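Protein chains: 2
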Amino acid sequence: MHPSVILRILGALLVLFSLASLPPVFVAWLYHEPEIALFSYTFVVTLFTGLGAWLPFAHTEHELRPRDGFLITVLFWLVLSLFGSIPLLLMETPNLDFTDAFFESMSGLTTTGATVITGLEELPKSILFYRQQLQWLGGMGIIVLAVAILPMLGIGGMQLYRTEAPGPIKDRKLTPRIAETAKTLWYLYLGITTICAGCYWLAGMNLFDAICHSFSTVAIGGFSTYDASIGWFNSPLIEGIAIFFMVISGMNFALHYFAIQSRDPFYYFRDPEVQGYLAILAGVGFISVVALDMTGTYTDWEALRYGVFEVVSIATTTGYSISDFSLWPIFLPMLLFLTSFSGACAGSTGGGMKVIRILLIFKQASRELKRLIHPNAIFTVKLGRRAVPDRVGEAVWGFVSAYIFLFIIMELALLATGLDLTTAFSTVASCLNNLGPALGEASANYQSLPATAKWVLSFAMLLGRLEIFTLVVLFSPMFWRH
Amino acid sequence: MHPSVILRILGALLVLFSLASLPPVFVAWLYHEPEIALFSYTFVVTLFTGLGAWLPFAHTEHELRPRDGFLITVLFWLVLSLFGSIPLLLMETPNLDFTDAFFESMSGLTTTGATVITGLEELPKSILFYRQQLQWLGGMGIIVLAVAILPMLGIGGMQLYRTEAPGPIKDRKLTPRIAETAKTLWYLYLGITTICAGCYWLAGMNLFDAICHSFSTVAIGGFSTYDASIGWFNSPLIEGIAIFFMVISGMNFALHYFAIQSRDPFYYFRDPEVQGYLAILAGVGFISVVALDMTGTYTDWEALRYGVFEVVSIATTTGYSISDFSLWPIFLPMLLFLTSFSGACAGSTGGGMKVIRILLIFKQASRELKRLIHPNAIFTVKLGRRAVPDRVGEAVWGFVSAYIFLFIIMELALLATGLDLTTAFSTVASCLNNLGPALGEASANYQSLPATAKWVLSFAMLLGRLEIFTLVVLFSPMFWRH
Ligand SMILES: [K+]
Ligand SMILES: [K+]
Numbered sequence: 001m002h003p004s005v006i007l008r009i010l011g012a013l014l015v016l017f018s019l020a021s022l023p024p025v026f027v028a029w030l031y032h033e034p035e036i037a038l039f040s041y042t043f044v045v046t047l048f049t050g051l052g053a054w055l056p057f058a059h060t061e062h063e064l065r066p067r068d069g070f071l072i073t074v075l076f077w078l079v080l081s082l083f084g085s086i087p088l089l090l091m092e093t094p095n096l097d098f099t100d101a102f103f104e105s106m107s108g109l110t111t112t113g114a115t116v117i118t119g120l121e122e123l124p125k126s127i128l129f130y131r132q133q134l135q136w137l138g139g140m141g142i143i144v145l146a147v148a149i150l151p152m153l154g155i156g157g158m159q160l161y162r163t164e165a166p167g168p169i170k171d172r173k174l175t176p177r178i179a180e181t182a183k184t185l186w187y188l189y190l191g192i193t194t195i196c197a198g199c200y201w202l203a204g205m206n207l208f209d210a211i212c213h214s215f216s217t218v219a220i221g222g223f224s225t226y227d228a229s230i231g232w233f234n235s236p237l238i239e240g241i242a243i244f245f246m247v248i249s250g251m252n253f254a255l256h257y258f259a260i261q262s263r264d265p266f267y268y269f270r271d272p273e274v275q276g277y278l279a280i281l282a283g284v285g286f287i288s289v290v291a292l293d294m295t296g297t298y299t300d301w302e303a304l305r306y307g308v309f310e311v312v313s314i315a316t317t318t319g320y321s322i323s324d325f326s327l328w329p330i331f332l333p334m335l336l337f338l339t340s341f342s343g344a345c346a347g348s349t350g351g352g353m354k355v356i357r358i359l360l361i362f363k364q365a366s367r368e369l370k371r372l373i374h375p376n377a378i379f380t381v382k383l384g385r386r387a388v389p390d391r392v393g394e395a396v397w398g399f400v401s402a403y404i405f406l407f408i409i410m411e412l413a414l415l416a417t418g419l420d421l422t423t424a425f426s427t428v429a430s431c432l433n434n435l436g437p438a439l440g441e442a443s444a445n446y447q448s449l450p451a452t453a454k455w456v457l458s459f460a461m462l463l464g465r466l467e468i469f470t471l472v473v474l475f476s477p478m479f480w481r482h
Numbered sequence: 001m002h003p004s005v006i007l008r009i010l011g012a013l014l015v016l017f018s019l020a021s022l023p024p025v026f027v028a029w030l031y032h033e034p035e036i037a038l039f040s041y042t043f044v045v046t047l048f049t050g051l052g053a054w055l056p057f058a059h060t061e062h063e064l065r066p067r068d069g070f071l072i073t074v075l076f077w078l079v080l081s082l083f084g085s086i087p088l089l090l091m092e093t094p095n096l097d098f099t100d101a102f103f104e105s106m107s108g109l110t111t112t113g114a115t116v117i118t119g120l121e122e123l124p125k126s127i128l129f130y131r132q133q134l135q136w137l138g139g140m141g142i143i144v145l146a147v148a149i150l151p152m153l154g155i156g157g158m159q160l161y162r163t164e165a166p167g168p169i170k171d172r173k174l175t176p177r178i179a180e181t182a183k184t185l186w187y188l189y190l191g192i193t194t195i196c197a198g199c200y201w202l203a204g205m206n207l208f209d210a211i212c213h214s215f216s217t218v219a220i221g222g223f224s225t226y227d228a229s230i231g232w233f234n235s236p237l238i239e240g241i242a243i244f245f246m247v248i249s250g251m252n253f254a255l256h257y258f259a260i261q262s263r264d265p266f267y268y269f270r271d272p273e274v275q276g277y278l279a280i281l282a283g284v285g286f287i288s289v290v291a292l293d294m295t296g297t298y299t300d301w302e303a304l305r306y307g308v309f310e311v312v313s314i315a316t317t318t319g320y321s322i323s324d325f326s327l328w329p330i331f332l333p334m335l336l337f338l339t340s341f342s343g344a345c346a347g348s349t350g351g352g353m354k355v356i357r358i359l360l361i362f363k364q365a366s367r368e369l370k371r372l373i374h375p376n377a378i379f380t381v382k383l384g385r386r387a388v389p390d391r392v393g394e395a396v397w398g399f400v401s402a403y404i405f406l407f408i409i410m411e412l413a414l415l416a417t418g419l420d421l422t423t424a425f426s427t428v429a430s431c432l433n434n435l436g437p438a439l440g441e442a443s444a445n446y447q448s449l450p451a452t453a454k455w456v457l458s459f460a461m462l463l464g465r466l467e468i469f470t471l472v473v474l475f476s477p478m479f480w481r482h
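The listed protein sequences correspond, in order, to chains A and Z.
All residue numbers for the first sequence refer to our numbering, where the first residue is 1 and numbers rise by one.
All residue numbers for the second sequence refer to our numbering, where the first residue is 1 and numbers rise by one.
Extracted from the complex, chain A is given alone in its bound form (with noise of 0.2 angstroms):
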């Protein structure tokens, strides 16, 4: 691919990206914060680099290849990152260096909603409003990536995505039918977030607060305008808002369209990604409840509004918080962690390796079971009423074992920083699942880590981000060759 390609399509996403700095300059205005400047230097800033690389090369026509989808995508989320973190570079209080200021941005725009601030409460609006933002504005990329990219790229078996996505995505160029499919999910996406923001505002929220905690719902990210995250404001009704807010992220974007079309609300039940995305939750839910019960952590009912907000919050690898789970017995946060690997749905906004390759492993593993019984006979994985073709499982699998090599890799390379297990086990499993929390040293924030830590984790948040393999294969000679 011709750099000057490259060139021309950041630049133009650069321009477009300059406009999310006007909402934080409005906000300034109306708080009469002098965060203003700030966010105009922001706006001027990205703006004419934008154009900077965009013009020169505005009539360059050159045909993409789905291959050259892996190297855009990449860029995108770091050149993003890298621009979204100039005003968390510049802002005074908190005064953070570049390597917090890029892990916060990335933090954001991947929608993990790790974060190196404390004292929340303390910041200007504008800023608070712009970390709210970087969230929902990357929960809008994911699902553009992962409904209308992923399944052209055919990474971890996301093929299988290929026809169901609106609209007839067939021909395997990056050509004008992204920019259809990208429009249906904006305003699906639009409306959800809205109607979010309603109820918290209905609930009690403050419209501020309300807008700001919507925009990090729908894109599961977690961020929050209080240290003690949606905590803050003690009430079951907000919990209970965001908890079925929370679970509708989770699931598939392309499913609500055509559920929405279908008028049909059970449309989702028959849906086998849906069906084992709430088996999960209901499951790992009831032995949470259970077990903060017996082992005395809290009374009856305080059990089951904490149990089941923890784990909606984890499993759909949001990260919101109304308690502080690090003080439960270990064995709690450790399961909420590792069902955190299997995270939302394929096609949300959230993070994980996703429920549908979680269901495909298990039911390979299981035709294995019945291989072995059985060793002459045929046995097809199915999914629903469809059979899965081998090279979909095998894509599958091979995603999981990047998966988690690549976790242990990162694990190995906290603990080398100094780390102990605790929090290296948590840290990288919350970044490379885009999830947020984290236990140990990390509990309350990620500040106190190393810096290359959080350089390792920043890549981490990227790598879950992107399905591990739109980055990997960039590093991967072959890719470069021709």
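Think of the hints as simulated: they come from the structure by calculation, not from any bench.
Possibly wrong hints are sitting among the right ones.
If several chains are the same, the list does not tell them apart, and a pair holds so long as it fits within one copy or across any two.
Taking lysine-lysine pairs in the DSBU-like style, the calculated list, with each CA pair at most 35 angstroms apart, reads [said to hold, decoys possible]:
1. Lys125 / Lys183
2. Lys363 / Lys382
3. Lys183 / Lys382
4. Lys370 / Lys183
5. Lys382 / Lys370
Just so we're clear, the structure is a prediction, and the values are computed from it rather than from any experiment.
Knowing the structure of chain A, use the given hints to seat chain Z with the ligands on it.
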């Protein structure tokens, strides 16, 4: 399968196993120990139970199906662990309860080498000898299992070895050929053990220690006659001999057979699994020695000595120790424990998932990468010059996912008993990989763990030793149907 056939086979097995009490009787006589009575009693009980089960059905003839191999193999290890625990249960000091005696016996026969006993120096020689002998017999059983039985059952991709086993085992009936193969392997195993004992003796061990340690070296067991393990001798020469025989015993015994037949020492290096095995040992060894030196844990020569020994000991899953590696910077013990997951070669006495499977997983994951770049090209996974059938790949992936899934479930179970993360992770990894040593509360031995944890860990040892599926298949309703 008729219960009468099972009783006949297990009866015959117990009659054979009763003979294992005679060498300890001899040792007790030699050292004038009162344990003559203990082992004579064990001999009589085991012999007569065996005869009682065998004789009534001695003339029953039933064709065995390959499937029956699963049940027989599992019962084989369970029944031997049970009868093997008799002397440990009845001995006076230390006074073990049933949980501990069974754990120790299972640990011996599965060549895990995890122990609940301290003060080994004070134990009667006959008891010490008996423990070592349990490992040696277990090692023999494992080789027969791995070389002759698993390939026929096709567990976890081991059908790869079906045509490579010594002697033509091409029919799928559990009949005389196994006996032939077993005899060949028995001579080989005895030969290597004898040479190993001779080397230890020449290097300065007394004859008793030399024989005892040769048993646990060649079986990759790790039991010692001293609490300080082989470090008690504080002899670099002995350590070098141990390293050599651990590496040798971690290779496929069928490969030893072919190498000896071909009279070509380079035969080994042409085997892709041996190449991978040596590369892992060299790579992890290099990292460890450098890390030990750079962190100032040891000075140069000591870093080399302790680093190489512990890496070989843990990567092969032997579990001997010459230093307290639980005190090393946590990065290193974790690296070693993770390496024990790949473990030794298939068809050896070692544990873990086996190098061949890790190799296949890597090759398949790298094929997925290539497929992403060239979606329409066809790539074959090769091992040496042979293409690996897709079905073998699927079986390997099924194996690895079941392994990791069960590891997680058992780790959660141990956390639920109240153990901390380091202890739970390391003990489950150690027992599932048939390794032995662990960290945290089990860094000296397993005595202080709760009884529930010991039973879970006994189950883990059996699971690991029987390559997961042999045991798991028995829990499937399909197995029992018809
Ligand atoms: K999150
Ligand atoms: K061992």
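Evaluation of the provided hints:
no.: 1; hint: Lys125 / Lys183; verdict: within (30 angstroms within a copy, 79 angstroms between copies)
no.: 2; hint: Lys363 / Lys382; verdict: both (8 angstroms within a copy, 26 angstroms between copies)
no.: 3; hint: Lys183 / Lys382; verdict: within (32 angstroms within a copy, 45 angstroms between copies)
no.: 4; hint: Lys370 / Lys183; verdict: between (45 angstroms within a copy, 32 angstroms between copies)
no.: 5; hint: Lys382 / Lys370; verdict: both (14 angstroms within a copy, 26 angstroms between copies)
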